[in-house]
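> What follows is each chain in one-letter form.
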Amino acid sequence: MMSKGRSQPEPHHPVKERRVLNGAQIACEALLHEGVEVLFGYPGGAITPFYHALHDYPLRHVLVRHEQAAAHAADGYARATGRAGVCVATSGPGATNLVTGIATAYLDSSPVVAITGQVPTAMIGKDSFQEIDITGITLPITKHNFLVLDVKDVARAMKEAFHLARTGRPGPVLVDLPKDVQMAKAPFHYPTSVELRGYRPSVAGNARQIRQAAALIRAAERPLILMGRGVNLALAGGELRTLAEQGNIPVLSTLLGLGSFPGSHPLFYGLIGMHGVNYANRALSTCDLVIAVGTRLSDRTTGKTSAFAGQAKVVHIDVDPAEIGKNIGVDIPIVGDVRLVLEALAREGIEGQRPEWLADLRRWREEALESPRRRNGHVSPQEVIHELDVQSHGGATIVTDVGQHQLWAAQNYVYERANSFISSGGLGTMGFGLPAALGAKIGRPESEVWAVCGDGGLQMNIQELATVVQEGADVKIALLNNGYLGMVRQLQELFHERRYYGTALLGPDFVKVADAYGVPARRVEHNDEIAAAFQWARTTDGPVLVEFVIEPEENVYPIVPAGKSLEDMIEG
Amino acid sequence: MVRTQTELEAARHTLVALLEDHPGVLNRVVSLLRRRGYNIESLTVGHSEMKGISRLTMVVAGDDSIIEQVVKQLYKLVEVVKVSDLSDDRVVVRELALLKVNATASTRAELMQIADIYRGKIVDLATDSVMIEITGHEEKIDSLIELVRRFGIKEIVRTGRVAMLRGTAGVTKAEE
Ligand SMILES: Cc1ncc(C[n+]2csc(CCOP(=O)(O)OP(=O)(O)O)c2C)c(N)n1
Ligand SMILES: [Mg+2]
Chain W
51 MMSKGRSQPE PHHPVKERRV LNGAQIACEA LLHEGVEVLF GYPGGAITPF
101 YHALHDYPLR HVLVRHEQAA AHAADGYARA TGRAGVCVAT SGPGATNLVT
151 GIATAYLDSS PVVAITGQVP TAMIGKDSFQ EIDITGITLP ITKHNFLVLD
201 VKDVARAMKE AFHLARTGRP GPVLVDLPKD VQMAKAPFHY PTSVELRGYR
251 PSVAGNARQI RQAAALIRAA ERPLILMGRG VNLALAGGEL RTLAEQGNIP
301 VLSTLLGLGS FPGSHPLFYG LIGMHGVNYA NRALSTCDLV IAVGTRLSDR
351 TTGKTSAFAG QAKVVHIDVD PAEIGKNIGV DIPIVGDVRL VLEALAREGI
401 EGQRPEWLAD LRRWREEALE SPRRRNGHVS PQEVIHELDV QSHGGATIVT
451 DVGQHQLWAA QNYVYERANS FISSGGLGTM GFGLPAALGA KIGRPESEVW
501 AVCGDGGLQM NIQELATVVQ EGADVKIALL NNGYLGMVRQ LQELFHERRY
551 YGTALLGPDF VKVADAYGVP ARRVEHNDEI AAAFQWARTT DGPVLVEFVI
601 EPEENVYPIV PAGKSLEDMI EG
Chain B
422 MVRTQTELEA ARHTLVALLE DHPGVLNRVV SLLRRRGYNI ESLTVGHSEM
472 KGISRLTMVV AGDDSIIEQV VKQLYKLVEV VKVSDLSDDR VVVRELALLK
522 VNATASTRAE LMQIADIYRG KIVDLATDSV MIEITGHEEK IDSLIELVRR
572 FGIKEIVRTG RVAMLRGTAG VTKAEE
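Residue numbers (this note's numbering), protein chains in the order written: chain W, 51 to 622; chain B, 422 to 597.
In case anyone wonders, no lab produced these hints; they're calculated from the structure.
C-beta atoms are modelled at their ideal positions from N, C-alpha and C, and glycine is treated no differently.
Just to be clear, a hint being listed does not mean it is correct.
[As the list claims (entries may be wrong)] A few chain W positions that, by computed beta-carbon distances, are all more than 12 Å from chain B:
1. ARG68
2. GLY186
3. LEU197
4. ARG291
5. GLY444
6. GLY478
[Stated by the list, open to error] Taking lysine-lysine and the DSSO-like style, the derived pairs with C-alpha atoms no more than 27 Å apart in a straight line are:
7. B:LYS503 <-> W:LYS376
8. B:LYS493 <-> W:LYS363
9. W:LYS209 <-> B:LYS493
10. W:LYS209 <-> B:LYS497
11. W:LYS376 <-> B:LYS497
12. W:LYS562 <-> W:LYS354
13. B:LYS493 <-> B:LYS503
14. W:LYS209 <-> B:LYS472
15. W:LYS209 <-> B:LYS503
16. B:LYS521 <-> B:LYS472
17. W:LYS376 <-> W:LYS354
18. W:LYS376 <-> B:LYS493
19. B:LYS561 <-> W:LYS354
20. W:LYS209 <-> W:LYS235
21. B:LYS493 <-> W:LYS202
Based on the provided sequences and hints, a complete structural model is requested.
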């Protein structure tokens, strides 16, 4: 997972002479130097000097309605563009409201830089008004963080924050700026390089290990590539495709790997893991070699680790050495930027045909696809996503919330482009969808962006409808309303004797809510209205919301019960 | 899982980490060890011979795969510059302890004799107690503590293990 080589705008006006600026201005200058164009934020007392300075800079500030949404929007922006997303909040409650969003970015390795105001240095440690130890709080959920106590350190901290956020394994970095540091003055000089002697991410993989991996691949009869978010982060889809086609190696994906290899490619065999397709999970238990690329092999991906790919040797490629061997034993570890490593592997020559193995996989897939989609009076959520795929030709950016709808969105849309499926995989944060879609749309305005949300999760950040409208952001919202916290209800149905408790949601009237925010909305209650609703939504300018009233007790299948092996999946 | 004493000793690793001497860096290390559930037996930190670099020594229990994870996770901290596993016999390992032990006129001589055998020093005397300073491997200190226990121990303080490679090689200069 490496983010070098991405298109960053040229640094803004390099400063010739040393101007004396205050800390807030220095922070703004740093943002320009880093190619930042937009910030998602919410002001307050301790960050006012920064906002005062911001006013003079060519930076777009998106005023969210809750700081959690600022962090999610910055994350969505980062995921859609590959560039660092920036969020801003005041001290105390502003900063703590960012926490869920920062943790979400951390678990999914998103390059996010969070800037927080802090009480003046002299008041730190005294339980001052709106003082909170945000560097302490975010210590386990940031790649690194800074409490800047001297205005002379602002430029360096900002430089390092951006460098850390986007290099190596990307991740969120927080910079906490006490109010007096924002106001104190210093000659401005932006560092051109960083000196972090404890931070040297590996880039190229070890040549000997790459040769060994190539030999294993050549010898394998039933190899598989398992791609994760690292392939999306490194924009290594092209290199992955070269390798897969060269060796006729089927490709499977984790939830966050989707998109980096075209979903319609004949070598693509779908999603694995807790809600993976049965033929993909079956392929994993049959294969003799797994080439895991840019994935941390999380529990949601592997199921019971002792049964994961039980007959296979494992080659694991990742930029973070700590992920290798953490969950799954590895035969050949390769630490490096997945794009460079894949390129080097392909250069080794791994040609192969493997007709029998491919025939097996094709047969399993055909068998699985024969089982018909369930249809009944209510709107079928699978059909909704399928129709969206048909109309947008797999070319939209689908941003999901968390729950059943998230998995239907993963399973029923054919993702053709890198980073076109944006979802909170690691933390599973409800409330992510709408603000992340806003961030994605602002980062990728030319793309059709859909927020696919459940009735529960949409209400966790529904106030962002106002931001969407104020910003004129053309975010389309597909609400799959089942009247339940559906994912949890499903667990209660399957594993807790169908005793539904604390999972039924009553209301609101989402069409009216959307209308009140100024978002045109429609309700769809029959399968035969799905296509027309999407046509309406896609041809209407600006944000719209389509509420699909779906079968309340529809389940996500397959499902692997927690702690069980992938072979123990329940198919419904 | 019940382990024998030798198994435990084999599973015990001495890790030395060089850290940027920044505020909060120790907090980062300790927080990491706690949240990932590693089993730390001792941890001690102080300046090194290099400006701006602190040296931390810790004793961690765990099998090789756990120790490998501890090392890799420590490396993920931006302010951790280097981590070395000093767990073979080319290493000098020491701990320092101060013991305040009840002593009367009649037992004082015996205590001094015991301290002497352990190459400990009496560093303070009071009417009813003595303070013994002792340096050595943890087991040596444990055994002295056992020996003086019958006199009545008022207070113990131990530094935790520090370690250094024998010979010219060192953890700080190894790479240059
Ligand atoms: C912030 C947060 N709280 C709780 C959960 C646990 N949780 C996971 S899915 C889910 C239900 C989501 O309901 P809804 O948004 O309606 O989506 P559905 O599953 O019905 O499609 C819940 C409560 C979570 N993931 N995130
Ligand atoms: Mg729901």
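> Now look at each hint and say whether the structure bears it out.
Okay, the hints, checked on the actual structure:
| no. | hint | result |
| --- | --- | --- |
| 1 | ARG68 | 26 Å, holds |
| 2 | GLY186 | 7 Å, violated |
| 3 | LEU197 | 8 Å, violated |
| 4 | ARG291 | 30 Å, holds |
| 5 | GLY444 | 36 Å, holds |
| 6 | GLY478 | 19 Å, holds |
| 7 | B:LYS503 <-> W:LYS376 | 20 Å, holds |
| 8 | B:LYS493 <-> W:LYS363 | 23 Å, holds |
| 9 | W:LYS209 <-> B:LYS493 | 25 Å, holds |
| 10 | W:LYS209 <-> B:LYS497 | 19 Å, holds |
| 11 | W:LYS376 <-> B:LYS497 | 14 Å, holds |
| 12 | W:LYS562 <-> W:LYS354 | 45 Å, violated |
| 13 | B:LYS493 <-> B:LYS503 | 10 Å, holds |
| 14 | W:LYS209 <-> B:LYS472 | 23 Å, holds |
| 15 | W:LYS209 <-> B:LYS503 | 23 Å, holds |
| 16 | B:LYS521 <-> B:LYS472 | 36 Å, violated |
| 17 | W:LYS376 <-> W:LYS354 | 14 Å, holds |
| 18 | W:LYS376 <-> B:LYS493 | 10 Å, holds |
| 19 | B:LYS561 <-> W:LYS354 | 45 Å, violated |
| 20 | W:LYS209 <-> W:LYS235 | 18 Å, holds |
| 21 | B:LYS493 <-> W:LYS202 | 33 Å, violated |
Comparing the model with each numbered hint stated earlier shows that hints 2, 3, 12, 16, 19 and 21 do not hold.
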